[in-house]
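A.B. asks: Residues per chain are reported as follows:
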Amino acid sequence: MKYFKAIFSVAVTLALIWALQHRFELLSNLPLGNFLNPANGFWQNSESKHILVAEDLKIEGLQQPVTIRFDSNMIPHIFAKNNHDLYLAQGYITARDRLWQMDIQTRSASGRLSEVVGPKALEVDRYHRRMGMVYGAENTLKGMMKDPVMREVINAYTEGVNSYIRNLSPRDYPIEFKILDYAPEEWKPINCAFLLKLMSETLAGGSDEFLMTSTLKKFGAATVKDLFPDYPFREDPIIPVGTKWDFKPLPIPQPSKTFLAEQSDIKTIQKVEGIGSNNWVIAGSKTASGYPILANDPHLNLTLPSIWYQMQLEAPGVNVYGVTLPGAPCVVIGYNNKISWGVTNVDADVLDWYQIKFKDNTKNEYWYNNKWNKVTRRVEVINIRGEKPLYDTVLYTHHGPVVYENAGKKPADSYENIPVGTALRWIAHDESNEFKTFYLLNRGKNYDDYREALTYYTAPAQNFIFASADKDIAITPNGKLPLKFKDQGKFILDGTDPANDWHGWIPASQNPTAKNPAQGYLSSANQSSTDPSYPYYINWQFGPYERGKRINTRLAAMQKATVDSMRVLQTDNYSIFAQDVLAEMLKYIDPTKLDETQIQVLNILKSWNKRFDADEVGATIFNTWWLNFYTQTWQDQFGKLTDNNNLKWPSRDRTVQLLLKDPTSKWFNNTKTPVVETAGEVLSNSFAATVSQLMHKYGKPGNSKWQWGNVKETYINHLANIPGFGLGKFKAGGTGSTVNALVDGHGPSWRMVVQLGPNVKGYGIFPGGESGNPGSYFYDDMLKTWQDGKLNELLFMQSPNEQSNKIKSTLTLSAK
Amino acid sequence: MLFVIIFIATFCSGFLFTWWAAAIIAFVATIYAGRTAAQSFWSGFLAVAAVWGVHALLKSVPNDHILADRVAKMVHLPGWIWLLVITMLIGGIVGGMSALSGLLVKRAFTHV
Numbered sequence: 001m002k003y004f005k006a007i008f009s010v011a012v013t014l015a016l017i018w019a020l021q022h023r024f025e026l027l028s029n030l031p032l033g034n035f036l037n038p039a040n041g042f043w044q045n046s047e048s049k050h051i052l053v054a055e056d057l058k059i060e061g062l063q064q065p066v067t068i069r070f071d072s073n074m075i076p077h078i079f080a081k082n083n084h085d086l087y088l089a090q091g092y093i094t095a096r097d098r099l100w101q102m103d104i105q106t107r108s109a110s111g112r113l114s115e116v117v118g119p120k121a122l123e124v125d126r127y128h129r130r131m132g133m134v135y136g137a138e139n140t141l142k143g144m145m146k147d148p149v150m151r152e153v154i155n156a157y158t159e160g161v162n163s164y165i166r167n168l169s170p171r172d173y174p175i176e177f178k179i180l181d182y183a184p185e186e187w188k189p190i191n192c193a194f195l196l197k198l199m200s201e202t203l204a205g206g207s208d209e210f211l212m213t214s215t216l217k218k219f220g221a222a223t224v225k226d227l228f229p230d231y232p233f234r235e236d237p238i239i240p241v242g243t244k245w246d247f248k249p250l251p252i253p254q255p256s257k258t259f260l261a262e263q264s265d266i267k268t269i270q271k272v273e274g275i276g277s278n279n280w281v282i283a284g285s286k287t288a289s290g291y292p293i294l295a296n297d298p299h300l301n302l303t304l305p306s307i308w309y310q311m312q313l314e315a316p317g318v319n320v321y322g323v324t325l326p327g328a329p330c331v332v333i334g335y336n337n338k339i340s341w342g343v344t345n346v347d348a349d350v351l352d353w354y355q356i357k358f359k360d361n362t363k364n365e366y367w368y369n370n371k372w373n374k375v376t377r378r379v380e381v382i383n384i385r386g387e388k389p390l391y392d393t394v395l396y397t398h399h400g401p402v403v404y405e406n407a408g409k410k411p412a413d414s415y416e417n418i419p420v421g422t423a424l425r426w427i428a429h430d431e432s433n434e435f436k437t438f439y440l441l442n443r444g445k446n447y448d449d450y451r452e453a454l455t456y457y458t459a460p461a462q463n464f465i466f467a468s469a470d471k472d473i474a475i476t477p478n479g480k481l482p483l484k485f486k487d488q489g490k491f492i493l494d495g496t497d498p499a500n501d502w503h504g505w506i507p508a509s510q511n512p513t514a515k516n517p518a519q520g521y522l523s524s525a526n527q528s529s530t531d532p533s534y535p536y537y538i539n540w541q542f543g544p545y546e547r548g549k550r551i552n553t554r555l556a557a558m559q560k561a562t563v564d565s566m567r568v569l570q571t572d573n574y575s576i577f578a579q580d581v582l583a584e585m586l587k588y589i590d591p592t593k594l595d596e597t598q599i600q601v602l603n604i605l606k607s608w609n610k611r612f613d614a615d616e617v618g619a620t621i622f623n624t625w626w627l628n629f630y631t632q633t634w635q636d637q638f639g640k641l642t643d644n645n646n647l648k649w650p651s652r653d654r655t656v657q658l659l660l661k662d663p664t665s666k667w668f669n670n671t672k673t674p675v676v677e678t679a680g681e682v683l684s685n686s687f688a689a690t691v692s693q694l695m696h697k698y699g700k701p702g703n704s705k706w707q708w709g710n711v712k713e714t715y716i717n718h719l720a721n722i723p724g725f726g727l728g729k730f731k732a733g734g735t736g737s738t739v740n741a742l743v744d745g746h747g748p749s750w751r752m753v754v755q756l757g758p759n760v761k762g763y764g765i766f767p768g769g770e771s772g773n774p775g776s777y778f779y780d781d782m783l784k785t786w787q788d789g790k791l792n793e794l795l796f797m798q799s800p801n802e803q804s805n806k807i808k809s810t811l812t813l814s815a816k
Numbered sequence: 001m002l003f004v005i006i007f008i009a010t011f012c013s014g015f016l017f018t019w020w021a022a023a024i025i026a027f028v029a030t031i032y033a034g035r036t037a038a039q040s041f042w043s044g045f046l047a048v049a050a051v052w053g054v055h056a057l058l059k060s061v062p063n064d065h066i067l068a069d070r071v072a073k074m075v076h077l078p079g080w081i082w083l084l085v086i087t088m089l090i091g092g093i094v095g096g097m098s099a100l101s102g103l104l105v106k107r108a109f110t111h112v
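The listed protein sequences derive, respectively, from chains Z and X.
Residue numbers 1 to 816, in my numbering, belong to the letters of the first sequence in order.
Residue numbers 1 to 112, in my numbering, belong to the letters of the second sequence in order.
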């Protein structure tokens, strides 16, 4: 009996320990004992508020000692004695603060999420593999490694990250590793390339070709030409109108026969507004200091940890401050003593679909250039936690991967914008060396250095804005832009005809550019790169013009501008869109036909200042009314937006044009009613619908629940949506079409203003903090300043020994 | 006596070893100093629970419980105190069961 008791008790104890080490779906999927115990569980991630003033660490791989000084926001200022040590330290320090973010982002890009979260991530992984993200990253890695300078940079960065990882014991793992119960793995140079693919996916990975093709099939070429014009009704292009093209263009390719046939034949993930950015620069002639001021605020997904990581990097030949992407070397947006630069997305059409004609069901050959060509196969091995690996074979043509070769391969209810049986030609698949651009900009001294740096940039194409202490200002919509015939890629292309292939590249020197214009400023807000006089085709649609228009109007009016003028403009909530249409919309409302509540709402709207400030009720009414008007105009013919009928709705710009210029257009007639409606009826109906909708949701008009900041969803969540680790929903102004483009979970992910001159002054803020650890005081310490629309003065040190009361601690790294 | 041995050894091991070192300590210590089942279980339970509570607080107090509060939200608990209580309970049960096992194994091989 006593033996039995002993064995039983030991068995129960061992089972208990085993259970506490493993994950169970019932218990939030946490390994409870592993996670909760204070020896190496989550309690270890609680960081003390007491900061070590001085710390010495020995790490592998360094050639000489590196000094890192941390300021009051824990932003590292790295001082190294050579390039190798500089980038090694950048990798080490970034990993110290953001290791899990680096891991999960590269896992996502490379289709390896299932390895840590199990089968629920399988379709996302498959999609990334089938889009050729891994194939593209391999090509980019080749490009980077061919360049001896960048090879050293990438390898040193990788070494730095790994120096950090190798010294970790399980108790030191970032908390997300403990929650998801896996261990960090070694960093690889290709991971740096994966980050570029991720950026390309966010900024140049969308496509309307499938929707446009179905729309063309349903409505015919004439209607599509009318409703989806190649240049907007209202525009204020990035390159000022009238800028001379100072080059002899290459011959423009001819449209293919199939394309022409499609255009004359009357029978074949829509993009989100708000993922865009602003940047601008104002010349010394218009500033108080006499030197240019540059501003940039990239609009991206807002998460904790933040997408950006601030840093200063100093070594012989370089001293630069700005934001970096965790997992990639160099500063991406920033300034040095001589120059400053920033970026916004170009929206160039660098992603096209080609209909593939396979010989038979074996799909071994496809028809192209009047002969059968061999398909190559690439096997993607997706490892899945708790299950057997999945072997997924992707077919590759000379265009690129066939993303879903038949409907059976495509998951239901997702990736609607991917046409079945088509091959993907995407700039992100090409060999490239983008980090070289940033490497050179970090060291740039003048305009010529800026132009030289841009020639290395491939994707995602960006509007690079520039200012120098020499008082030059410039902007260049820049990237490797395919040479295409007009509208090539507006619809799905016939993959059998070589005339539909990309016809080479626009020479880098002929990318649109402007330098020191007479107007004294330059800007971009994702709108059209140029006016229609530019000889090459870049895309048929760009971001709507309103943000750009507002920025240009304000910059044109400015004299003796200061950093604060720029800060105020970055947080500007004034709506050019309301300015353009509200008066016209109100014209059609007859107050004699309204009830008391409707009149009350109408009066609020009439006295509205056209600002999307957080406490404006007029903004809520206007926004809801427009959406109802827009929906009532198009829904009868184009089906509900949520219908998944693969039709593209005409743009806001085209709708505004119809309202202002053609209010009796047939498009305003609701085909489902016997009477013939014009814009006036649609506006009256949608106004009534708006009032009852808002009353129903928020109660009596004027009530604080009607305020824009309460109605609009604005939130910052944790990168993996872990409850408690994000900021959640908060009240804020702005909308997609105002300069302050803050909406849902995206918006100004970094606001920077740089005053050039003999002593450069930088200001900046991002919503979050330097640390990726939710248990750190520096996880979200900058949030409040960002929410208040303020900027921090940035500490740009000239030497490691510079005295400043902002310096809180010093870390010395030396070789092990 | 048993409580003190387990408490001190577990406290020190927490800085060096993984969490289930506490189980081995409680087991071995009871073989040495365990007398009755109740005395063994409760010494193991209270000693390990206390050590885990102290260790957790050593990390969490200088952090103003920022992280513990976030984690409490993650698992839908009202506050960090609850996490501390659950942590101590888990440590306690492991400590108590290991100590009891130590005593029962000792009894199986000796005539105590």
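Simulated from the structure, these hints should not be mistaken for laboratory data.
The reader is advised that the hints may include incorrect statements.
[As the list claims (entries may be wrong)] Computed Cβ-Cβ distance ranges for the label pairs, DEER-style:
#1 S607/Z with V85/X: 55 to 63 Å
#2 I24/X with N337/Z: 58 to 66 Å
#3 K49/Z with Y32/X: 23 to 31 Å
#4 P723/Z with C12/X: 14 to 22 Å
#5 L16/X with N759/Z: 27 to 35 Å
No residue lacks a Cβ here, since even glycine has one placed at the ideal position from N, Cα and C.
A.B. asks: Taking the hints in turn, state whether each one holds.
C.D. replies: Status of each hint after checking the structure:
no., hint, in the structure
1, S607/Z with V85/X: 55 to 63 Å, "holds (56 Å)"
2, I24/X with N337/Z: 58 to 66 Å, "holds (60 Å)"
3, K49/Z with Y32/X: 23 to 31 Å, "violated (41 Å)"
4, P723/Z with C12/X: 14 to 22 Å, "violated (36 Å)"
5, L16/X with N759/Z: 27 to 35 Å, "violated (52 Å)"
Violation of the numbered hints given earlier is confined to hints 3, 4, 5; the remaining hints are satisfied by the structure.
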